[in-house]
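Protein chains in written order, with our numbering: chain U, 1 to 383; chain X, 1001 to 1279; chain B, 2001 to 2289.
Don't take each hint at face value.
As the list claims (entries may be wrong) - For lysine-lysine, the following DSBU-like pairs were computed, each having C-alpha atoms within a straight-line distance of at most 30 Å:
| id | chain 1 | residue 1 | chain 2 | residue 2 |
| --- | --- | --- | --- | --- |
| 1 | X | Lys1180 | U | Lys105 |
| 2 | X | Lys1089 | B | Lys2183 |
| 3 | U | Lys129 | X | Lys1180 |
| 4 | U | Lys75 | X | Lys1228 |
| 5 | U | Lys129 | X | Lys1006 |
| 6 | U | Lys75 | U | Lys105 |
| 7 | X | Lys1155 | B | Lys2104 |
| 8 | B | Lys2280 | X | Lys1006 |
| 9 | X | Lys1089 | B | Lys2104 |
What the hints assert, rightly or not - Covered by chain U, per the in silico footprint, the following chain X stretches (three or more residues, Cβ under 8 Å):
| id | stretch |
| --- | --- |
| 10 | 1076-1082 |
| 11 | 1156-1163 |
| 12 | 1181-1194 |
Since the hints were made in silico from the structure, they are not lab data.
Bear in mind the structure is a predicted one, so any value in this text is a computation, not a measurement.
Idealized CB from N, CA, C, for every residue including glycine.
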Amino acid sequence: MKKIVEIKNITKSFGSEVVLDNINLDIYDNEFITLLGPSGCGKTTLLRIIGGFETPDSGDVVFMGENINGLPPHKRNVNTVFQRYALFPHLNVFENVAFSLREKKVPKDEINKRVTEMLALVALKGFEKRAVTSLSGGQQQRVAIARALINQPKVLLLDEPLSALDLKLRKDMQVELKNIQKATGITFVFVTHDQEEALSMSDTVVVMTEGHIQQIGTPVDIYNEPQNAFVADFIGESNILDGMMLEDYKVRFSGHTFQCLDKGFDAHEAVDVVVRPEDVDIVPEEKGHLRGVVTSVTFLGVHYEIIVDIGGFKWMIQTTDFHDVDEHIGLFIEPDAIHVMKKSKFSGMFGDYSSFSDEMEQIGEVDLEELEELEAESEPDNE
Amino acid sequence: MKRASKIYTALIMVFLFAPMVILLVFSFNEAKSLSVFSGFSLKWYRELFRDEETLKAVVNTLVLAVLAALISTVMGTAAAVGMNKLRNKVLRTAMDSVTNIPMINPDIITGISLMLMFVFVGRLFGAATSLNFATMLLAHITFCLPYVILQVLPKLQQMDKALPEAAMDLGCTPLRAFFKAELPEIMPGVITGMIMAFTLSLDDFVISYFTSGNGFQTLPIRIYNMTKKTVTPKMYALATIIFFVILTLLLISNLYDEETVQKRREARANKKNAKEART
Amino acid sequence: MNKKTRSLIQYMTLTPYSIWAAVFIVVPLVFVAYYAFTDQNFHFTFDNISRFFTATSQIDDGESVKEVHTYLVIFMRSLKLAVISTVICLLMGYPLAYIMARAKERTQSILMTLIMIPMWMNFLIRTYAWMTILQDTGILNSILSALHLGRVHIIGTETAVVIGMVYDYFPYMVLPIYSVMAKLDVRLLEAASDLGCPSVSVLRRVIWPLSLPGVLSGVTMVLIPSISTFYISQKLGNGKFYLIGDAIEGQYTANNLHFAAAIAFILMVILLFCMQLIQKLTNRKIIVP
């Protein structure tokens, strides 16, 4: 495969905040690549550097073997679908799509032909004369894609293009985007914070946080073989435990020694262990590797999500069988359900299900005793 | 509206319009009297149109207002674009505060301050009187600028920042991107700013009074000079004409507004229909 | 946008205006101070400033001749009339703004236009119209005498000056208050009623505090021109009630630029101080619409 864009040692900061720290990334021809990460991880900045809207502090952007660091956006063979589409409100659908052709002084007949073709590709035939402000979100999205594709760019940059759409429409658009990418053969660089979206559409996923790339790989690799606690937590649900590698294929965590499929660690090396909630089997207490008490149960339709307290650590387990709160259960974990990772700076930050979000952790739980005390104090004295 | 509200509003309107109506009625009075209407006549209008000084003042005012509006609109729009992009907080605050000065300062101080500078600089170059059309134009541009900036800035802030980027992405140079993507978006603000600058310049008396030379009269200064001495109903005729010009302009702009509101409503209806059609 | 284009655009767009603002806004104010603190030969002096505070003149009120501080009296009179006019404008304008904001959309735009028409008339004409009405031989008196109600002498009194100020600057009070009130979320009022507020309380506890920014800019926009006016007092006060604006204009006409600058300087400093005070007291920034 041919490299089409090479990002080399790119660093970028806004003021004192380093947004991208020495990033290296190769993007190949005809690839659907997704930059995935939480907000503020630098993914949009990286996209804007490729588009030419930001200049890196240091490092190079190479486009088809040519350094394009100083090249302004209008001279790059790259187009962008913006986050809230950025359609020109004063122009109708046709004129929005024709914008770049008019800028290039393409003959009128050819403009007509190409715009009509492009509108057909995005299923917007008959919308030529409509005002873009009168379109629905999904239709605006299609116009934005048509407008960006009409120039036949080598690379299409998409900055969270689906974030404004509702859930069902988003799923449809995911399929459609993938189809358009296959039909046109153009490289898509897609930015999102939605891991499900990233997994379902991409050939390659690039997981980023805090200005660093954490892992590059296929969706399956990323999910099954996360490289550190951050990736494991960000992609899907994970129980992440402190463990110790005893020898190859043998890891100890939660007070029990398990068989596993991982090797190549030092003897007695401290590691992070990932167990996905859907990979844990619930068995009668005496038959389990581990024993715990159910602390909460949430019904989610397809399955139950239950939180189990095992020696103070809250595990999340997805099961189709109902278990009641306060029930004592056993957990059975197969070797292929266990994934062992090297310790990283993210170790200990994720993987315990006492709360789902960081925010809730900061707020803390409502202290019922304190509440009662407060109430008692505020009771008027009747004596 | 409730009855009490209606009565209250009506009373205020009487207060606002009674003086206008009186001017209007007495502009057609045959006699010079201010209190007794002695018969219909167009005599004062005829006299007004024979008053060359006033006619010249009208022309002067229009020339001045057009120039002041155009220059302040171009410079003010550019300034707003630059200020909107300014990331340096200290510089931005400084620009904002300086822009606010002519709006907060009483006109008399703005007028006096400009006059003092013009006189001082004029004296440096040995001119006896340095106040003329040019100084007045400079003054008018100065007090119009903040109003243009204040009309354009919010439009820039409301605009999707990605629009000019999208234009550049599609092959425009930064300058063309401004004219093709940004300017159409902020145009309502630019137009309102220009209209405001134009009317403020037309209407200004105080600053003009201090910065005009003896040879150059605008309409407000002409009115001031006319009302300084004896009263003449010619003034009423002039006021009546101004009143109707303003009334027409306001009605036109209102109709225009309603048209745009109507268009927006239609667009909304379209959108709704489209939604219903899909479901 | 990358850094280079951004700084280029900033340079191109901001430079003309920055130079303009420095030369025609900031420098002229420096000239006011410069003239205020110098004499005819541009030697430094405090004389102009101290003259404002110490100059005296005699007033003959019919019974006795009193010696008063000329400019302090003038300033206090300007302040008094401006404050009275502002309060009247607020009392008249606030209910109107409220009524407008709650009216139907079409009524709102008609009322807006109606209020703007007199505003677009030149204030000289507006003032002049009141002079016509209030004169001893004017319309008001002919109506009153036709109704056998006797005559009133208003022209040349402080009342006439206040009427002129209120009439001239009334729209400047209504429009900012109206624009704030029109944006008030109706749900806020419903929420207040829902929480058990009777309508008088809703007005006091919800509408008034929320409309305060509009009130503040309305007050500023009426107070500042009425404190510094010079035409209204000449026409409606028959020149008997010299205001601070008349003092500045008088010194200008007499070509006494240094003293004119000194009065303007003092007025500017006092107004600046007042605005700061209002901002401190209300904890809000005054926005000039």
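Hints and how they fare:
no., hint, in the structure
1, X:Lys1180 - U:Lys105, "15 Å, holds"
2, X:Lys1089 - B:Lys2183, "29 Å, holds"
3, U:Lys129 - X:Lys1180, "19 Å, holds"
4, U:Lys75 - X:Lys1228, "66 Å, violated"
5, U:Lys129 - X:Lys1006, "46 Å, violated"
6, U:Lys75 - U:Lys105, "15 Å, holds"
7, X:Lys1155 - B:Lys2104, "26 Å, holds"
8, B:Lys2280 - X:Lys1006, "37 Å, violated"
9, X:Lys1089 - B:Lys2104, "42 Å, violated"
10, 1076-1082, "violated (count 0)"
11, 1156-1163, "holds (count 3)"
12, 1181-1194, "holds (count 3)"
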